[in-house]
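Asks: Put together the whole structure using the sequences plus the hints.
Letter by letter, the sequence shown follows residues -23 to -1, 1 to 518 in mature numbering (1 follows the signal peptide of the UniProt record, and there is no 0).
Among the clues, some could well be false.
Pair ranges (Cβ atoms, derived) [what the hints assert, rightly or not]:
#, residue 1, residue 2, range
1, G20, W291, 28 to 34 Å
2, N337, S52, 51 to 57 Å
3, W291, R439, 22 to 28 Å
Don't read these hints as lab results, they were simulated from the structure.
Glycine included, each C-beta is placed from N, C-alpha and C at the ideal position.
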Amino acid sequence: MAANASFAAALFIGISLILAVTAEDPYRFFEWNITYGDIYPLGVRQQGILINGQFPGPDIHSVTNDNLIINVYNSLDEPFLLSWNGIQQRRNSFVDGVYGTTCPIPPGKNYTYILQVKDQIGSFYYFPSLAFHKAAGGFGGIRILSRPRIPVPFADPAGDYTVLIGDWYKSNHTDLRAQLDSGRKLPLPDGILINGRGSGATLNVEQGKTYRLRISNVGLQDSLNFRIQDHKMQVVEVEGIHTLPTTFSSLDVHVGQSYSVLVTADQPAKDYYMVVSSRFTSAVLTTTGVLRYSNSAGGVSGPIPGGPTIQIDWSLNQARAIRTNLSASGPRPNPQGSYHYGMINTTRTIRLASSAGQVNGKQRYAVNSVSFNPADTPLKIADYFKIDGVFRVGSIQPQPTGGGIYLDTSVLQVDYRSFVEIVFENTEDIMQSWHLDGYSFWVVGMDGGQWSPDSRNGYNLRDAVARCTVQVYPSSWSAIYIALDNVGMWNIRSEFWARQYLGQQLYLRVYTASTSLRDEYPIPKNALLCGRASGRSTRPL
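Replies: Structure follows, in structure tokens:
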């Protein structure tokens, strides 16, 4: 640990000297120690993953363009990786923190993530991406504030709260992982947590004041509905995009998604239920917390406010009602930039269909019939060093094949600076949620039934919300437009975490022959190397 501490100190001094000389964007430094520890979120003792002794982990607070230096010590007994849900690492997929791009931190070692929240604002979160660690904790909130000179389209709130919600199992993550490794499905989750607690989570407010709640669904599979007794919520931001102020009495937050809402404490001074319940599930899981007024005249009372359960149309209409605020600034003063997404012709359509089945007698999940099989070396690192035999471009088709499920290391190549349409197709009777690392995309359409070219007639080409995680309702489709302006190897995955673990993911290789630093950064000098890349040098090739 002493050697690691010396390295971290030297890195800190070096970066500080660079900052002093060059007047770069601000730096924020974090020292995190990853350990196991006893936690009791549902009233039984479990082995949780803690960051600096905390469950959930500490929030990351930053401002647009800040450089984040996060030194992570892995004190677990197995390799560990953190990923940054929604943080678009421009030209630098090497630090994305998933196994297809980044070597894990070995037990007893450290790694320093060097990230920049370039041209971003909004609400996101981080989580552990390996070995089903997400079922043990290790997650926390990320907030990126606008620069002081960039106006925000609502008044400064009196307070700003991170609200992490998610389904949870009483079993340790090692037992859940063993079930999946043996080829069995997981049972239904046992409960729901609010900020790591199965009950009793509390937010304190003062009467008459307005508060911002940054709500992220960090769970393993369930879409969740969030509501506060006798209070309305105004959605104002979705994963880095200011939205038209839209008021709801309850809000669906699908797994992997983040929202900001404004809540005004405009009711009589007492305690009110905060409620989170599962959606589209046969058995509805519910948990409660408390919104507590500072001059509260009494505890929570009355029935727990009910919410939607299996109503798809209700959720679909809510999703369609959330639109981009075209008059608001984002990370920059000009919200539209030099073009508008609805005025650009797409150059390619990619259709991705999910499926489930057996391979060699074990449960697997697939995209376009391919169930992702991890390689022995991270794909991005193999690509950089030109190591043959790790993956092959074209190992997954850009359209559903209709064939049976098979194993492969699926990589789909697309051209840098192309503008493409991706359609996620869900023929199953479960809710799905899909995430793309490194990007924000426009959700131009979603509906029930089978997608066809005629479906484009119903697309929103004016003010669709842009985000990094999109829901796909049962027996439905969702369509996105995306400008492929970020070179690298980027993970597309199901946020239903057992499905991701058992193959429902692929990598999008955004390719250019250019070697210019304007297009992609070289491998970081402090990059960990593993697999067939072990022993190589990170100096420029």
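Asks: The structure should be examined with respect to each hint, and the outcome stated for every one.
Replies: Tested hints:
1. G20 to W291: 28 to 34 Å: holds, 32 Å
2. N337 to S52: 51 to 57 Å: Violated: the Cβ-Cβ distance is about 36 Å, outside 51 to 57 Å.
3. W291 to R439: 22 to 28 Å: Because 24 Å falls inside the window, the suggested range holds.
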